[in-house]
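*Asks:* Protein sequences, first through last, are from chains C and P. Heads up: the first sequence at position 89 corresponds to 89 in the numbering used here, and the numbers run straight through without jumps. If you want the numbering used here, it's the 1-based position in the second sequence plus 90.
Just so you know, the hints here were simulated from the structure itself, not pulled from any lab data. Keep in mind the model is a prediction, meaning the values are calculated, not measured. It cannot be assumed that every hint is accurate.
Only part of the chain C face toward chain P is listed, based on derived beta-carbon distances under 8 Å [what the hints assert, rightly or not]: (1) 9; (2) 36; (3) 53; (4) 59; (5) 67; (6) 89.
Note that CB positions come from ideal geometry on N, CA and C, so glycine has one too.
Here are the chains, one letter per residue:
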Amino acid sequence: MSVTVKIPAQLRAATGGEGELEVEGSTVGEALDAVFDQHDGLRERITQDGDLRRFVNVYVSGEDIRFQDGLDTPVSSGDEVTILPAVAGG
Amino acid sequence: MAIESLKCKECGASYPLDARFVCEQCFGPLEVAYDYSGLDPAEARRKIQAGSRGIWRYSDFLPFEGRPGDPLEPGLTPLIRADRLAERLGLGELWIKNDAANPTHSFKDRVVAVAVAKAKELGFETVACASTGNLANAVAAHSSAAGLDSYVFVPADLEEQKLLATGIYGTNLVGIRGTYDDVNRLCTELSQTRPWAFVNVNLRPYYSEGSKTLAFETIEQLGWKLPDRVVAPIASGSMFTKVAKGMRDWIELGLVDGGLPTFCGAQALGCSPVATAFAEGWDVCKPERSPETIAKSLAIGDPADGPYALELARRTGGLIESVTDDEIRDGIRLLAETTGVFTETAGGVTVGVLAKLAAAGEIGSDERVVAFITGEGLKTLDAARETFRMHEIEPTLDAFEQGLGAAEVSA
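Generate the whole structure from the sequences, applying the supplied hints.
*Replies:* Take a look at the structure:
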């Protein structure tokens with residue numbers, strides 16, 4: 001599946017300034033792995049021991065993946081996977 | 091006092107004092123770091139007592155280079171000794187901090203006054219926020235007072251009183267068809283594309299500092315003493331944790347003697363991710379996807395400071411509890427009847443949990459307890475409906491005698 005991963009401003013230094021990346025994957029986890037493979041240093045900023053760090057929110061078409069299957073949440077062609085900091089609000 | 095830098099709460103990385111809120115190394119939240127070396131506590135207390143009649147008397151402990159000003163200066167709200175409520179609950183010493191007595195009638199005036207002053211200092215022309223109601227109200231008012239544009243984003247189904255009380259200031263009021271968490275996500279995304287000061291997104295480290303003034307005032311008003319126990323509502327957990335930070339800073343700096351109080355958090359059952367995590371022994375919260383509670387101001391399904399609120403309650407031997415919508419309404423009524431303070435549903439949550447803890451024998455009768463009442467009853471009037479009956483009679487003595495004279499007044 002070809003999906004768009006949206007990179008938050010705070011991580012764009014690690015993607016050479018790119019805010020949107022087109023990658024292949026059938027789950028959120030696979031799409032993120034594809035992003036990490038392309039850009040060194042990104043993986044350890046938002047994951048630890050294979051899991052997302054606790055202040056990282058990931059959405060598929062606006063829906064938090066924690067309400068779906070986490071990193072195993074399936075994605076379809078054309079979906080948007082959005083990474084955002086969780087530390088806003090209140 | 092000098093503000094030094096922004097610092098990551100998780101990994102300690104330092105950043106300049108600009109409009110940012112996330113660590114680029116680990117995505118943790120950023121916090122303002124101060125340099126208090128050389129502070130003399132006695133001198134600091136003197137300066138406070140000679141200072142402004144609102145929160146700016148504490149500006150040495152707030153994130154500014156210069157002296158902030160704000161025509162809508164909030165603070166020095168009443169700390170009311172609630173003897174009748176204490177008696178009703180079987181408590182010894184109970185104080186109610188009534189933050190409804192602020193310019194826009196909620197504690198949000200504190201955090202917004204700080205954020206708007208900082209926004210001006212950083213050169214922003216437009217202020218914005220994601221809000222469950224009170225924050226939007228405060229942002230609209232303080233922005234207008236400061237001559238700045240504003241965009242406030244709220245769930246579209248908010249209480250009508252809050253929408254009216256916000257739109258009147260000439261803000262751009264945007265109602266989102268979704269939950270607060272949808273609003274929050276949208277605003278986080280928008281903050282990346284608009285040169286706006288989102289008070290609780292890109293200015294959050296500064297904004298959150300305003301809640302420390304609740305702690306400072308309480309200590310000052312108690313005669314430079316600490317409570318033994320604090321009961322406060324939890325939405326994102328920011329206020330809960332920053333009140334503790336304010337107290338801890340003053341203890342460490344020697345402005346007050348004693349130890350950090352026991353911190354008890356209050357949530358509504360219909361949106362209680364932090365209370366649930368507390369009960370389950372988790373370190374992080376499981377987000378609530380569809381909050382369902384009359385306490386809309388606390389309906390944050392994914393609280394940003396959830397982990398820190400849990401850690402604070404546990405470390406101080408406190409609890410985080412929740413109450414039902416009926417218990418919330420009872421809490422509003424109880425507070426009104428015993429103290430003459432009419433609070434909104436979030437205040438009903440706080441009083442409801444206070445009553446629950448008291449009934450369970452959790453609070454010692456020798457404890458000095460402070461409960462933070464964060465908002466105004468006039469903004470959630472639906473909660474007052476059906477809680478009493480009005481007697482409607484003709485204007486005659488006979489009608490009065492027949493209507494009320496002999497019979498008991500119904501509650």
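*Asks:* Please go over all the hints and tell whether each is borne out by the structure.
*Replies:* Results of checking the hints against the structure:
1. The criterion of a C-beta within 8 Å of any C-beta in chain P is met by residue 9 (chain C), whose closest approach is roughly 5 Å, and the hint holds.
2. Among the interface hints, the one on residue 36 (chain C) is violated; its C-beta lies about 14 Å from the nearest C-beta in chain P, farther than the 8 Å criterion.
3. For residue 53 (chain C), the suggested interface contact is upheld, since its CB lies about 5 Å from the closest CB of chain P, less than 8 Å.
4. For residue 59 (chain C), the suggested interface contact is upheld, since its CB lies about 7 Å from the closest CB of chain P, less than 8 Å.
5. For residue 67 (chain C), the suggested interface contact is upheld, since its CB lies about 5 Å from the closest CB of chain P, less than 8 Å.
6. The restraint placing residue 89 (chain C) at the interface with chain P holds, with a minimum CB-CB distance near 4 Å, inside the 8 Å limit.
The structure fails hint 2 only (numbered hints given earlier).
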